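A.B. asks: Single-letter residue listing:
There are 2 protein chains.
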Amino acid sequence: MRIVATSQHECSDLLKRVSIGRLACSLDNQPYVVPVRFSYEPDRIYIFSTVGKKIKWMRQNPKVCLQADDIGNSSNWMSVIVTGTYLELSEPQYHTAQREHARALLAQDSQWWRIPLSERRDGLVSSIETVFFRIDIESMSGLRAMPETE
Amino acid sequence: MRIVATSQHECSDLLKRVSIGRLACSLDNQPYVVPVRFSYEPDRIYIFSTVGKKIKWMRQNPKVCLQADDIGNSSNWMSVIVTGTYLELSEPQYHTAQREHARALLAQDSQWWRIPLSERRDGLVSSIETVFFRIDIESMSGLRAMPETE
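Protein chains in written order, with my numbering: chain H, 170 to 319; chain G, 170 to 319.
The hints are simulated quantities; they were obtained by calculation from the structure and are not laboratory data. Quick caveat: nothing in here was measured; it's all calculated off a predicted structure. It is possible that part of the hints are untrue.
You can't tell identical chains apart in this list, so a pair holds if it fits in one copy or across any two.
Said to hold, decoys possible - Dumping the calculated SDA-like pairs for lysine to any residue here, alpha-carbon to alpha-carbon at most 25 Å:
| id | residue 1 | residue 2 |
| --- | --- | --- |
| 1 | LYS222 | ASN198 |
| 2 | LYS222 | ALA174 |
| 3 | LYS232 | GLY253 |
| 4 | LYS185 | GLY253 |
| 5 | LYS232 | PRO204 |
| 6 | LYS222 | GLU257 |
| 7 | LYS185 | PHE207 |
| 8 | LYS185 | ILE172 |
| 9 | LYS222 | ILE189 |
| 10 | LYS222 | ILE240 |
| 11 | LYS222 | ASN245 |
| 12 | LYS225 | GLY253 |
| 13 | LYS185 | THR299 |
| 14 | LYS222 | ILE172 |
Next comes chain H alone, as it looks inside the complex (with noise of 0.2 Å):
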């Protein structure tokens, strides 16, 4: 197995082609990690979250990491992470278009509502709040493996 690290080319192909990554976020040095749906695009990434720990974290602390992978099995696999900052698209001076641009960009997956509903335990749907945020990128690198053979 050779391991090499990828172009960002690369980085973004993959962040074209997965939509469940894992977002780190963290307040007074403890990091927090979670699963979350997202949809990529240049330089941004979307998501859709009801107003749970995380979203009360990334308020406090926007410094984020998201991490996205691609595994086919144990020496064939690509991984990628992204460094950036949390921007809530909910906050009056973002633009309704930017909004409605995640928005549609993560209702092509049909499921798109189901995840971040999980984050609430009470089953009180009427009282849940719900936030588009966008993450800009700061930095991206990827790691890929392959059989020695190839």
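We have chain H; now place chain G onto it with these hints.
C.D. replies: Below, chain G without anything else, positioned relative to chain H:
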């Protein structure tokens, strides 16, 4: 689809069943998340790694969070989040017996050595410094989704 909080027993079961998770650490409130291969036993998680960014960060801030899941499809999945403290087993005060225990657990997967090597991109295998570490679990919580019809 219904989503329910799982019991501690169900969390343990998932951590025993899966061996790949995502480990988040944090430095100066910048989170960082990477895929890891782990081995769980009650109250502890063992991980083998080369010395890279995550080890350097965890040596400075031992607060960590590990997420693992078992995703059947978008309406049938389970996810577990663990918070805990990094403890390096290679430090002199910790017994060799613990390191051997970690090694034995992780070596059950013949590919266990492969993934940590991915973190070194320079190809100088002879220069790779490796560590075993343990996460002492402080909290563990899980969510499970299942079709409404179940």
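A.B. asks: So which of those numbered hints doesn't the model satisfy?
C.D. replies: none
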